[in-house]
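Put the two chains together into one complex, using the hints given.
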Amino acid sequence: AQSVTQLGSHVSVSEGALVLLRCNYSSSVPPYLFWYVQYPNQGLQLLLKYTSAATLVKGINGFEAEFKKSETSFHLTKPSAHMSDAAEYFCAVSGGNQFYFGTGTSLTVIP
Amino acid sequence: GAVVSQHPSWVICKSGTSVKIECRSLDFQATTMFWYRQFPKQSLMLMATSNEGSKATYEQGVEKDKFLINHASLTLSTLTVTSAHPEDSSFYICSARDPGTNSGGTGELFFGEGSRLTVL
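These protein sequences, in sequence, are chains A and B.
Just so you know, the first sequence maps onto residues -5 to 105 in the numbering used here.
Just so you know, the second sequence maps onto residues 223 to 342 in the numbering used here.
Just chain B, with the same shape it has in the complex (with noise of 0.2 Å):
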């Protein structure tokens, strides 16, 4: 099936500084990308829907200052947390569907490895 990758896996970084977290899909072309974030013991929030050559659509109420999406090619969006603070820890998620099973909808989601982000 379709593989997601998602880089690095686990991240420290001091705060004030800024995190940048790959994802790649390793053998289809994705027009479009997810980034979910997750909290302990919760469900995925999705924070913004990432468009290859486009601006990304930013849920309600994510900060599109502070996670800066970019969708430079069909295999790869970059997600930035820009001034990272403690409370931005959290396990980031990304995923894309391979356009090539998604029929009407029905197409399944890939998701990445998850990146574990901790703000000391």
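With the rest of the complex left out, here is chain A (with noise of 0.2 Å):
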């Protein structure tokens, strides 16, 4: 079975500040993972992958991932916040046809 876990469902950050949002995972396979966000009425806009091949994983918006297997963690940064991140962001672990969400963490950037 596979899950996922975020830790953290709100994060404030101030602009220009690291953005650091944590996703852990289950699995009982090679998972593959995803990170998508959401703006307000939006539906959901994919912003990096992870399949097995690099463990660094870059993105859309000068996001990127890092696969840790022995912490099975996947979790998202980004060395400097834009005002234009503030959104919901969504870990995903893929299992067969279907994917299982976290609870999502909302992403506030201070100016």
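No wet-lab data here; the hints were simulated from the structure.
Check before you lean on any hint, since a few could be wrong.
Simulated crosslink set (DSBU-like; lysine-lysine; CA at most 35 Å straight-line) [as the list claims (entries may be wrong)]: (1) B:Lys263 x B:Lys277; (2) A:Lys43 x B:Lys242; (3) A:Lys62 x B:Lys263; (4) A:Lys63 x B:Lys263; (5) B:Lys286 x A:Lys52; (6) B:Lys286 x A:Lys43; (7) B:Lys263 x A:Lys43; (8) B:Lys288 x B:Lys242; (9) B:Lys277 x B:Lys242; (10) B:Lys236 x A:Lys43.
If you're wondering where the values come from, they're calculated on a predicted model, not measured in any experiment.
Have a look at this one:
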């Protein structure tokens, strides 16, 4: 069975500061992991995905995530937060034809 | 990338009426689509898996007679909320996987823009 846990339902950072959103996964098979972003009243947009190639995955808008098997983690980072990064972020793991989403982390960027 | 379109984006209806939401894959054929429900400040809850040409598979606790799903073609799935009540008010999102990119489960889900349903 697959699942993900997002630590911290709300994260606030200052503009220009490092963004770190945490995600830990549980999977009985090699996982495929994803980060999605959701802006208010919109669907989800893929930021990046890990599919067993490079462990450091670079995505859109300057985001990246590192797959760490030993820690069962796939944390999302961005070196410098921008006001436009304020949104809801979801980590997800793929199992067969289904996706399993975390509970989401709301990112607030303080000017 | 692949595009999934949802319509309408916003709908307001009276209690007791039915509302239909459409989900279309614009540039790929989707044998499977997924319908999610999202409550404010919460994650997505999978409601059902829509299968082209066959019955939808509903998650536990989701009333199939309440939420009718039809997947009439490889590019269209519809969700009909029947006899809507205020507690059905929510944000409904559909998604689909592009089979051309879904190798062994690595393909991403493409999401519609979501439909905000308000039942008065």
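Evaluation of the provided hints:
1. B:Lys263 x B:Lys277: Since the Cα atoms of lysine 263 (chain B) and lysine 277 (chain B) sit roughly 31 Å apart, the hinted pair holds (cutoff 35 Å).
2. A:Lys43 x B:Lys242: 32 Å, holds
3. A:Lys62 x B:Lys263: 28 Å, holds
4. A:Lys63 x B:Lys263: 30 Å, holds
5. B:Lys286 x A:Lys52: At roughly 40 Å apart (the allowed maximum being 35 Å), lysine 52 (chain A) and lysine 286 (chain B) break the hint.
6. B:Lys286 x A:Lys43: Holds, at roughly 32 Å.
7. B:Lys263 x A:Lys43: This hinted pair holds, its Cα atoms lying about 23 Å apart.
8. B:Lys288 x B:Lys242: 12 Å, holds
9. B:Lys277 x B:Lys242: 17 Å, holds
10. B:Lys236 x A:Lys43: With Cα atoms ~41 Å apart, lysine 236 (chain B) and lysine 43 (chain A) exceed 35 Å; violated.
Comparing the model with each numbered hint stated earlier shows that hints 5 and 10 do not hold.
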